[in-house]
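We have chain A already, so just place chain B on it with the hints.
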Amino acid sequence: MKPRRWYFIISVFLLAAFSARAQSPALKAVLYERIVFEGAGPEETNDALLARALCLTELGRWADASDALDRLRLYALEPVRVPEINYLKALCKYRQGDYASAATVMAEGLPDTPDAQKLGYLITAASSWKGKNELLAAILGVYPPYGHLYTHAKGGVPITIASSCSAALWVVAAISGDWITAIVGGGLLLSETWWRGSVQAMPQKAREYNTRELANYLERLEASL
Amino acid sequence: MRARLIVSALMLLLSIPSHAQKVRGIFSLSDYLTRNSYIGHAGRQYLKPVPPKPSTFEPQAFDPSAPVWNIGADGDFVLDLLDRGLREDALILLGEGNYAPGDSLSYLRGLALFDDRQFQAADQWLSKVKGPLSDPAMFYGNVARVHLDRPFDALKALSRYEGPYSELACMQRAGIALMLGNVSMFQEESELFTYSDYRLSESEKAIKDLSESLKKSQKSPWLAAGLSALIPGAGKIYAGQTGPGVASFLAVGSLAAITAEQWNHHGAKDWRTIVAGSLCGIFYIGNIYGSWVSVSIQRQNIEDETKALVLYNISIPLGSFFR
Numbered sequence: 001m002k003p004r005r006w007y008f009i010i011s012v013f014l015l016a017a018f019s020a021r022a023q024s025p026a027l028k029a030v031l032y033e034r035i036v037f038e039g040a041g042p043e044e045t046n047d048a049l050l051a052r053a054l055c056l057t058e059l060g061r062w063a064d065a066s067d068a069l070d071r072l073r074l075y076a077l078e079p080v081r082v083p084e085i086n087y088l089k090a091l092c093k094y095r096q097g098d099y100a101s102a103a104t105v106m107a108e109g110l111p112d113t114p115d116a117q118k119l120g121y122l123i124t125a126a127s128s129w130k131g132k133n134e135l136l137a138a139i140l141g142v143y144p145p146y147g148h149l150y151t152h153a154k155g156g157v158p159i160t161i162a163s164s165c166s167a168a169l170w171v172v173a174a175i176s177g178d179w180i181t182a183i184v185g186g187g188l189l190l191s192e193t194w195w196r197g198s199v200q201a202m203p204q205k206a207r208e209y210n211t212r213e214l215a216n217y218l219e220r221l222e223a224s225l
Numbered sequence: 001m002r003a004r005l006i007v008s009a010l011m012l013l014l015s016i017p018s019h020a021q022k023v024r025g026i027f028s029l030s031d032y033l034t035r036n037s038y039i040g041h042a043g044r045q046y047l048k049p050v051p052p053k054p055s056t057f058e059p060q061a062f063d064p065s066a067p068v069w070n071i072g073a074d075g076d077f078v079l080d081l082l083d084r085g086l087r088e089d090a091l092i093l094l095g096e097g098n099y100a101p102g103d104s105l106s107y108l109r110g111l112a113l114f115d116d117r118q119f120q121a122a123d124q125w126l127s128k129v130k131g132p133l134s135d136p137a138m139f140y141g142n143v144a145r146v147h148l149d150r151p152f153d154a155l156k157a158l159s160r161y162e163g164p165y166s167e168l169a170c171m172q173r174a175g176i177a178l179m180l181g182n183v184s185m186f187q188e189e190s191e192l193f194t195y196s197d198y199r200l201s202e203s204e205k206a207i208k209d210l211s212e213s214l215k216k217s218q219k220s221p222w223l224a225a226g227l228s229a230l231i232p233g234a235g236k237i238y239a240g241q242t243g244p245g246v247a248s249f250l251a252v253g254s255l256a257a258i259t260a261e262q263w264n265h266h267g268a269k270d271w272r273t274i275v276a277g278s279l280c281g282i283f284y285i286g287n288i289y290g291s292w293v294s295v296s297i298q299r300q301n302i303e304d305e306t307k308a309l310v311l312y313n314i315s316i317p318l319g320s321f322f323r
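As you go down the protein sequences, you meet chains A and B in turn. Under our numbering, think of the first position of the first sequence as 1, with each following residue one higher. Under our numbering, think of the first position of the second sequence as 1, with each following residue one higher.
Cβ pair distances, simulated, as ranges:
#1 B:Gly281 <-> A:Trp129: 47 to 57 Å
#2 B:Ala268 <-> A:Ile159: 29 to 39 Å
#3 A:Ile139 <-> B:Pro59: 49 to 59 Å
#4 A:Lys130 <-> B:Glu303: 42 to 52 Å
#5 B:Lys205 <-> A:Val80: 54 to 64 Å
#6 B:Tyr312 <-> A:Asn133: 37 to 47 Å
#7 A:Thr211 <-> B:Tyr312: 26 to 36 Å
To give an idea of the chain A side of the interface with chain B (calculated C-beta under 10 Å), a few residues:
#8 Ala29
#9 Val30
#10 Leu188
Simulated from the structure, these hints should not be mistaken for laboratory data. Glycine included, each C-beta is placed from N, C-alpha and C at the ideal position.
The following block holds chain A by itself, in its conformation from the complex:
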C-alpha cells in the first residue's frame, strides 16, 4: 500500500474519532466506512468495521450494525477478540427479534462479562419461551369460541358465538323443508362467520399473541435483571 494512502487512512481515522464536527455517531459510522472504501488492510478494515458497528448500535440501527459485523475479515481477527464480536452480533440479532440466530451466535461463545451474561440469559429465555400453538389454535377455532379463548382474543368471543350460532340455526331451521336455502345460504353464512371468522383467523391471532407476549415477557425480564 502506498504511503500516501496510509496517511489518508490514519487521518480519516483520527477525523472520525476526534473531530469536533464528527461527534455525531451517525457521521462517525460513515467515516469508518470511508476507511474500508479507501482499501485499508484487513486489520484496519476490521477495526473500522467494529468501530462502525459500535456507532450503529449506539443509534439503534441493529440491521446495519449486523451487516457491518458480517463483513469483518475473520481470517485477520485475533482469536481473543472473537467473543467480543460474538457478543455484538448476538446483541444485534436479539434486538432485531431474531432469537434463533442470536442463540446460534451465542453458542459460538460470548465473553465473560456481566453484559454478555445478561444477554445470554435473555437469549436463552427467548429461545425456550413457549407460545400458543398455531395448529392447536386453528383446531380449537373449529369449536367457537375456544379458539378465541385460547389465543386470548376475548373481544371476539361474543361476536363469534352470536354469528356462528345464527348461521348454524339458519341451516338447522331451513334443512327440513328448504334444503337449497339451508345448504347454499347456510354455506355462505358459515363460510363468513365460522370458517373465516374463527377457524382461519386463529393461527394469525396466535401469532399476534406470541409476538406481543414474548416482547412483554422479555421487557419485564430485562428490567428485573
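Then chain B, alone, in the frame of chain A:
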C-alpha cells in the same frame, strides 16, 4: 318464521358496520362484499408505483470558519455508498459534512435523495445544478417530477433540452406521452428510437411493447354492464377481474336459487320469497353496477401499471449513462 327474519337482519347488520365507510349505497355494498370475498380476491395483482417518501433531509449550514470538506474527494465514496444501498449513510455524510456549496454537492444530494425516494427534495436540489452536471441533473429531476405527478414540468424541461443525450430525452418524452395517453406525441417521439444504443435499446423496446398492449386493453363500461345483465359476473371477467366475476356469479346464482326454492314452496307473496328475492335483486343490480365500475378500476390499474413501467424504463438507463 320471525326468528329467521331476525337472524337474516342480524347477519346483514353484522356485516354492514365494517364496510360502511368504504361504500356509497346498498348496491355498492353488495358489489364490495362479492369483490372482497375469497373468490373475489383471486386473480391478477397489478403493479403499482411505489409512493414517494416525505423529505426528512435537513443539511447543516456551511461554516466557512471550520475546516472545509472536499466534495471532489468524497464524490466517489458517496456514489459507492449509493451503489451498495447505504443511502442513509450517504445522506448523513452529505448533510453533516462541512462542504462548500456548489454544483457537485447539489447534484450528489439530489442523487442520494432520489435513490432514497425523497423526490420532492431531490427535485429541489437537482434543479439548482448548473454547468457540466446539469444534463444528468435534468434527467434525474424529470423522473422525480413524474413520480411527483408533475409530468408536464418534466416535458417542459425536456422541450428546452438541446444537449448530447437527445435519444435519452426522446425516450423520456415518449414514456411520459404514453403515460399521459398522448398518442400523437408518443408516435412522433417513438419514431425517433434507433434501438442502436445498448444503454437505451431495452427500455425503448419495453416502452414500444407497452404501447401495443395498451391499445388492446381499451374496454367499454357499458358493454361490461350489459354482459353482467345477461350473465352475472361476465362483465367483470370481460374487464379482467376473473375472481370478482366468479364471486358475483356464485352470489347472484345462490340467491336466485334460494328465491326460486322459496317461491316454489311458499308462493310469491310469502315474506321469505320477498326477502330472498330482494337480496337477489340487490346483488344482481350491484353486479351490473360493479361491472361498470370494474372498467374504471381496470383503467386505474392500467394507469398505475403504465406509470410504474414507464418510471422503471426511464430510470434504468440513467445509471448506464451517468454513473
